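> Below are the chains, spelled out letter by letter.
Protein chains: 2
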Amino acid sequence: MKTSVFYLSDSTGITVETLATSLFSHFDTLEINPIRRPNLSGIEDIKKVAEEISQAARESESPTIVFSSLISEESREVLRACPCELYDIYDLFIKPMENKLGIKSSAITGRSHGIGETKEYNRRMNAINFCMANDDGENILNFEKADIIIIGVSRTGKTPTSLYLALNHSLNIANYPLTNEDLESDKLPDILKPFKSKLFGLTINPTRLQQIRHERRPNSQYSSLSQCQYEIRTAEVLYRQTRIPFIDTSSISIEEISVAILNNKHLLTNIVNNFND
Amino acid sequence: MKTSVFYLSDSTGITVETLATSLFSHFDTLEINPIRRPNLSGIEDIKKVAEEISQAARESESPTIVFSSLISEESREVLRACPCELYDIYDLFIKPMENKLGIKSSAITGRSHGIGETKEYNRRMNAINFCMANDDGENILNFEKADIIIIGVSRTGKTPTSLYLALNHSLNIANYPLTNEDLESDKLPDILKPFKSKLFGLTINPTRLQQIRHERRPNSQYSSLSQCQYEIRTAEVLYRQTRIPFIDTSSISIEEISVAILNNKHLLTNIVNNFND
Numbered sequence: 001m002k003t004s005v006f007y008l009s010d011s012t013g014i015t016v017e018t019l020a021t022s023l024f025s026h027f028d029t030l031e032i033n034p035i036r037r038p039n040l041s042g043i044e045d046i047k048k049v050a051e052e053i054s055q056a057a058r059e060s061e062s063p064t065i066v067f068s069s070l071i072s073e074e075s076r077e078v079l080r081a082c083p084c085e086l087y088d089i090y091d092l093f094i095k096p097m098e099n100k101l102g103i104k105s106s107a108i109t110g111r112s113h114g115i116g117e118t119k120e121y122n123r124r125m126n127a128i129n130f131c132m133a134n135d136d137g138e139n140i141l142n143f144e145k146a147d148i149i150i151i152g153v154s155r156t157g158k159t160p161t162s163l164y165l166a167l168n169h170s171l172n173i174a175n176y177p178l179t180n181e182d183l184e185s186d187k188l189p190d191i192l193k194p195f196k197s198k199l200f201g202l203t204i205n206p207t208r209l210q211q212i213r214h215e216r217r218p219n220s221q222y223s224s225l226s227q228c229q230y231e232i233r234t235a236e237v238l239y240r241q242t243r244i245p246f247i248d249t250s251s252i253s254i255e256e257i258s259v260a261i262l263n264n265k266h267l268l269t270n271i272v273n274n275f276n277d
Numbered sequence: 001m002k003t004s005v006f007y008l009s010d011s012t013g014i015t016v017e018t019l020a021t022s023l024f025s026h027f028d029t030l031e032i033n034p035i036r037r038p039n040l041s042g043i044e045d046i047k048k049v050a051e052e053i054s055q056a057a058r059e060s061e062s063p064t065i066v067f068s069s070l071i072s073e074e075s076r077e078v079l080r081a082c083p084c085e086l087y088d089i090y091d092l093f094i095k096p097m098e099n100k101l102g103i104k105s106s107a108i109t110g111r112s113h114g115i116g117e118t119k120e121y122n123r124r125m126n127a128i129n130f131c132m133a134n135d136d137g138e139n140i141l142n143f144e145k146a147d148i149i150i151i152g153v154s155r156t157g158k159t160p161t162s163l164y165l166a167l168n169h170s171l172n173i174a175n176y177p178l179t180n181e182d183l184e185s186d187k188l189p190d191i192l193k194p195f196k197s198k199l200f201g202l203t204i205n206p207t208r209l210q211q212i213r214h215e216r217r218p219n220s221q222y223s224s225l226s227q228c229q230y231e232i233r234t235a236e237v238l239y240r241q242t243r244i245p246f247i248d249t250s251s252i253s254i255e256e257i258s259v260a261i262l263n264n265k266h267l268l269t270n271i272v273n274n275f276n277d
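Same order as they appear, the protein sequences are chains A and B.
Quick note: the first sequence uses our numbering, first residue 1, plus one each step.
Quick note: the second sequence uses our numbering, first residue 1, plus one each step.
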């Protein structure tokens, strides 16, 4: 029996869905049926959704759950009358924050972002372009403009981590793959030496690396366990000898790697948030 | 006077920070000083943070705000004694959900993701690799494997939107730039014809496009207003004639474009969430 979960919003609904997804990870056995209703703009929209909620509640023995970031009092009034477990972001957070801070919320829904936030938009776009252009050491001349340079052997998670940090924190991230040649030389590649303070290393369990590489190039030297063991062992020695901070990515997510890097580099950027609901 | 805002978590803290960033967008005049304390693992960690909170409260006239996704009752007890406005995700959501659903939360903090979730991890990595390999029509043979193909003239937002959808929804996104040659032909490029149902078009205000292009190649034909006007006008005619759904990206964010595409294509994927806190 799946539990119906509604995400209601006058904008994208990404905030409530991200929050709820995180909450549901604490309930292993729960199977959910997500129902997204973004861009709700008037009382007629809300009444239609209220009818959908009532129908879901009638058809299921499991409670119907509603996460809402709607702002209008009239809309929230309609929701409160629905047969559901309602989590209303406005009541839970905005109202208490108004009281505590002594200021009114602007209560502007679905605000557009193009004009006033052009600077922030451009910063984000530039970071994404920088990241794409500096993936896999493609354009090493740009290391000077990088905020962080992620290093590691092939398939340790450099590219997805770089993209995550560019998209979510508008940082200029370059990444550099440690090649066999680099590893055999037993010291930091010359090209990286001027930027030591920007470096962050990734490592991984050799067996896990083998699995990942096997999917890309099955039964190759590249994906052999001995090759993976050699590369990882040598890269870790290099990190330790040159005191480059590093993290094992075997059993953590891109998000967790990113937070570790930000903390290590003391980069206190805010999360880019352009959906405001 | 900046308001100190603490993000406490036994894992990454991304959930509370994303939520709070969204909430603060409703308070235009509020200036915040974010203080991240992820990976809090024992009562000694919490006591140290509690001391930091008390100090922040002493030093400021503005209320100190704390967002916490800590699970342990002992830790939350310490927080409740702090001189701050506390938003405790466990109390606000997990506990009521347990009661309503009649099941206990697993209360496992900082869970690792490497082993059980290899399949989901691989799907996400493959989507990111697909997106990188199929950016700007580079590898058109792969359109068959694409979930969505985003089209538009240069600098309308194709690449960042593709990356966002790959990272957050593990979808295979290709994108194809409409060239002058395509536009002059006045019909859908042959290469796209077999995949019409996968196409989604982006458009933009020509003046905005000019600004964006000007930053890339100042004073060029490429960034002239007349060129931007011609390309946008012709692309929009093409979208309408061939009935390709499209959206104007002039004043909306990557997140908003992404939600519009997902809704249009009825892709009900869940948000990828690998940080669970």
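Just so you know, these hints were derived from the structure itself, not from any lab.
Take these hints with a grain of salt, some might be off.
Where chains are identical, the list cannot tell them apart; a pair therefore holds if satisfied intra-copy or between any two copies.
[Said to hold, decoys possible] Here are the computed lysine to aspartate or glutamate pairs in the EDC-like style, where the Cα-Cα straight-line distance is at most 16 Å:
hint : residue 1 : residue 2
1    : 2         : 91
2    : 100       : 61
3    : 119       : 186
4    : 95        : 85
5    : 196       : 144
6    : 196       : 52
7    : 100       : 31
8    : 145       : 61
9    : 119       : 73
10   : 95        : 73
11   : 104       : 31
12   : 47        : 147
13   : 198       : 120
14   : 95        : 59
15   : 119       : 215
16   : 265       : 31
17   : 193       : 31
18   : 2         : 144
Everything numeric in this text was worked out from a predicted model, so none of it was measured.
> Checking residue 100 and residue 61: alpha-carbon separation at most 16 Å within a copy, between copies, both or neither?
For residue 100 and residue 61, only the inter-copy Cα distance (12 Å) is at most 16 Å; the intra-copy one is 39 Å.
> Given identical chains, is residue 2 near residue 144, meaning Cα to Cα at most 16 Å, within a copy, between copies, both, or neither?
neither (52 Å within a copy, 32 Å between copies)
> As a check of your reading, is residue 95 near residue 59 (CA-CA no more than 16 Å) within one copy, between copies, both or neither?
neither (33 Å within a copy, 25 Å between copies)
> Checking an output row: residue 119 and residue 73, CA cutoff 16 Å. Within, between, both or neither?
Answer is neither; intra-copy 33 Å and inter-copy 43 Å both fail.
> When Cα atoms must be at most 16 Å apart, do residue 100 and residue 31 count as within-copy, between-copy, both, or neither?
Intra 37 Å, inter 15 Å, cutoff 16 Å: inter-copy only.
> Between the shortest in-copy and the shortest cross-copy C-alpha distance, which are at most 16 Å for residue 104 and residue 31: within, between, both, or neither?
between (38 Å within a copy, 14 Å between copies)
> Could you figure out if residue 198 and residue 120 sit no more than 16 Å apart (CA to CA) within one copy, between two copies, both or neither?
Intra 23 Å, inter 31 Å, cutoff 16 Å: neither.
> Cα distance capped at 16 Å. Does residue 196 pair with residue 52 within a copy, between copies, both, or neither?
neither (57 Å within a copy, 32 Å between copies)
> Is it within, between, both or neither when you check residue 196 against residue 144 at 16 Å Cα-Cα?
within (11 Å within a copy, 43 Å between copies)
> Is it within, between, both, or neither for residue 193 and residue 31, if the alpha carbons may be no more than 16 Å apart?
neither (51 Å within a copy, 38 Å between copies)
> Treating 16 Å as the Cα threshold, decide for residue 145 and residue 61: within, between, both or neither.
neither (57 Å within a copy, 39 Å between copies)
> If the cutoff is 16 Å on CA atoms, where do residue 265 and residue 31 land: within, between, both or neither? Let me know, please.
The answer is neither: 39 Å in one copy and 23 Å across copies each exceed 16 Å.
Hints 1, 3, 6, 8, 9, 12, 13, 14, 16, 17, 18 from the list above are not met by this structure, while the remaining hints are.
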